[in-house]
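Novice: Protein chains in written order, with the working numbering: chain D, 12 to 396; chain Z, 3 to 131.
Treat the hints with caution; some may be incorrect.
Said to hold, decoys possible - Here are the computed distance ranges between Cβ atoms for each label pair:
id	chain 1	residue 1	chain 2	residue 2	range
1	Z	13	D	131	46 to 52 Å
2	D	233	Z	55	50 to 56 Å
3	D	127	Z	7	27 to 33 Å
4	D	82	Z	26	52 to 58 Å
5	Z	59	D	326	51 to 57 Å
6	D	259	Z	23	29 to 35 Å
Hint data in this document are derived by calculation from the structure and do not stem from the laboratory. Beta carbons: idealized from backbone N, C-alpha and C, even for Gly.
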Amino acid sequence: MTIKGKAYIAGIYEHPTRHAPDKSTAQLHAEVAKGAIEDAGLTKDDIDGYFCAGDAPGGLWPMVDYLGLNTKKLRHIDSTETGGCSYLIHLGHAAEAIAAGKCSVALVTLAGKPRTGPMPPRASGAEADFELAYGATTHNAYGMCAMRHMHDYGTTSEQLAWIKVAASHHAQYNPHAMLKEVVTVEDVLNSPMISDPLHRMDCCVVTDGGGAMIVTTPEIAKSLKKPLVRLIGHGEAAKGPRGGKDLDLTYSAGVWSGPRAFEEAGVTPKDIKYASIYDSFTITVLMQLEDLGFCKKGEGGKFVADGNLISGVGKLPFNTDGGGLCSNHPVNRGGMTKILEAVRQLRGEAHPKVQVKNCDLAIAHGTGGLLGVRHAASTCILERA
Amino acid sequence: MSEAKKYNAPVTNPESAPFWEAAEAGKFMIKRCTTCGEAHYFPRAICPFCFSDKTVWEESSGEATVYTYSLMRKSPTGPYAIAYVTLKEGPSLQTNIVDCDLETVKIGQKVKVVWKPTDGAPLPFFTPA
Numbered sequence: 012m013t014i015k016g017k018a019y020i021a022g023i024y025e026h027p028t029r030h031a032p033d034k035s036t037a038q039l040h041a042e043v044a045k046g047a048i049e050d051a052g053l054t055k056d057d058i059d060g061y062f063c064a065g066d067a068p069g070g071l072w073p074m075v076d077y078l079g080l081n082t083k084k085l086r087h088i089d090s091t092e093t094g095g096c097s098y099l100i101h102l103g104h105a106a107e108a109i110a111a112g113k114c115s116v117a118l119v120t121l122a123g124k125p126r127t128g129p130m131p132p133r134a135s136g137a138e139a140d141f142e143l144a145y146g147a148t149t150h151n152a153y154g155m156c157a158m159r160h161m162h163d164y165g166t167t168s169e170q171l172a173w174i175k176v177a178a179s180h181h182a183q184y185n186p187h188a189m190l191k192e193v194v195t196v197e198d199v200l201n202s203p204m205i206s207d208p209l210h211r212m213d214c215c216v217v218t219d220g221g222g223a224m225i226v227t228t229p230e231i232a233k234s235l236k237k238p239l240v241r242l243i244g245h246g247e248a249a250k251g252p253r254g255g256k257d258l259d260l261t262y263s264a265g266v267w268s269g270p271r272a273f274e275e276a277g278v279t280p281k282d283i284k285y286a287s288i289y290d291s292f293t294i295t296v297l298m299q300l301e302d303l304g305f306c307k308k309g310e311g312g313k314f315v316a317d318g319n320l321i322s323g324v325g326k327l328p329f330n331t332d333g334g335g336l337c338s339n340h341p342v343n344r345g346g347m348t349k350i351l352e353a354v355r356q357l358r359g360e361a362h363p364k365v366q367v368k369n370c371d372l373a374i375a376h377g378t379g380g381l382l383g384v385r386h387a388a389s390t391c392i393l394e395r396a
Numbered sequence: 003m004s005e006a007k008k009y010n011a012p013v014t015n016p017e018s019a020p021f022w023e024a025a026e027a028g029k030f031m032i033k034r035c036t037t038c039g040e041a042h043y044f045p046r047a048i049c050p051f052c053f054s055d056k057t058v059w060e061e062s063s064g065e066a067t068v069y070t071y072s073l074m075r076k077s078p079t080g081p082y083a084i085a086y087v088t089l090k091e092g093p094s095l096q097t098n099i100v101d102c103d104l105e106t107v108k109i110g111q112k113v114k115v116v117w118k119p120t121d122g123a124p125l126p127f128f129t130p131a
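Using the sequences and the hints given, assemble the complete structure.
Specialist: What follows is the structure, given as structure tokens:
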């Protein structure tokens, strides 16, 4: 049993806003849902599967009600919550449900407003008494990964900075990007230190907004007007300190989700023409590129340097919308926007300045939670059909 | 500066209560599985490695080395050094390095446990040995 080629992404929508004090979170969910349904050329009543994560106000059933989904038709629901990679996992689960005949048109939504107001605290598990007092945050948890990666492999701040530089080269062409200015390695190194060794420009933006997609059967996708994009491989995994044995913060659960997705798809990293890689921080990208096999463990620094991630310049064009580092990281969750730009590339709808030629195979990969503490990862391999 | 920082008391539960009772007496406890022999932290009733329920409490030396750290400079309560340290007994754990010049914290540095008061049981931190 495989999901290879069993599900197509027929509709996508990224909210153009990056700051939405005048809208409610539920409203943003509805706006992105409407956008994705219209992009597909479908109607709300076609939806028979719905997926959302922890950003949906009240969770799944209040959203089903608020959106006014047709409950006589809705027959598959999934509120898998794995932080920023939830939506990559939703894509895989939607494909599983479609392959099993459990639904035929699945809607996935993400939206929220962290820029307008503070987000509720992260839920904690059995570790709470043994960890909460130490103040782990995204910045310092990823800082600890970067610090150890530098120690073990000689990775430098200059190499990490190249990731932001590449993202900024792409963001200049995205009219909706929050940060459109092209920056240099020196700019990144001269930005204030937030949590050693991560500078301000090693961190992603904080944005209000959201995105949505429609996942459907091959038959329905072929009856619609959009270029055909299908999922051919999916992997998911989770990692934590596990009792503190053999702690190694230099790799992520991507070492497991990546190979699972590549194996199912029957392709290798060398075949990939475009990569959407989760970029909460520059170190996130570097570790994921290694974990997914685009280079050997420890050689990520060399791989990303000198513009290797810039479209039209380097070998592996990444995050051509400007990514989370420059364009959008809605609700502090970058998984949805990773899928959306991969679909744009495969459709040939990316900005002409960053569109990859003959882009027929792409990867969208993300992590959720804190890489330095506990996290999940999910990898999707997408193909132009 | 570190004097002023106030920490919340641990909530505790039946599984973790012996750890916090020992903490009141200044003892830093880990768990060891008598089936597979592995030590782990934070303490669980069931071994996270072999899933045996034959786990026992063991007092740790409180001696450790810094595995990694990050100096958090942007914080409303002032800068702090979050870290993972690896205990002499094996397990690594998350903590803060305290009571020192935070700019001098280094990977591989020897540290030892130090307790900070709360309104309940004290909390373990680590400081240069």
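Novice: Look at each hint and say if it fits the structure.
Specialist: Tested hints:
1. Z:13 with D:131: 46 to 52 Å: Because 19 Å falls outside the window, the suggested range is violated.
2. D:233 with Z:55: 50 to 56 Å: For residue 55 of chain Z against residue 233 of chain D, whose Cβ atoms are near 55 Å apart, the range 50 to 56 Å holds.
3. D:127 with Z:7: 27 to 33 Å: holds (30 Å)
4. D:82 with Z:26: 52 to 58 Å: Since the Cβ atoms of residue 82 of chain D and residue 26 of chain Z sit about 55 Å apart, the hinted range of 52 to 58 Å holds.
5. Z:59 with D:326: 51 to 57 Å: holds (54 Å)
6. D:259 with Z:23: 29 to 35 Å: holds (33 Å)
Violation of the numbered hints given earlier is confined to hint 1; every other hint is satisfied by the structure.
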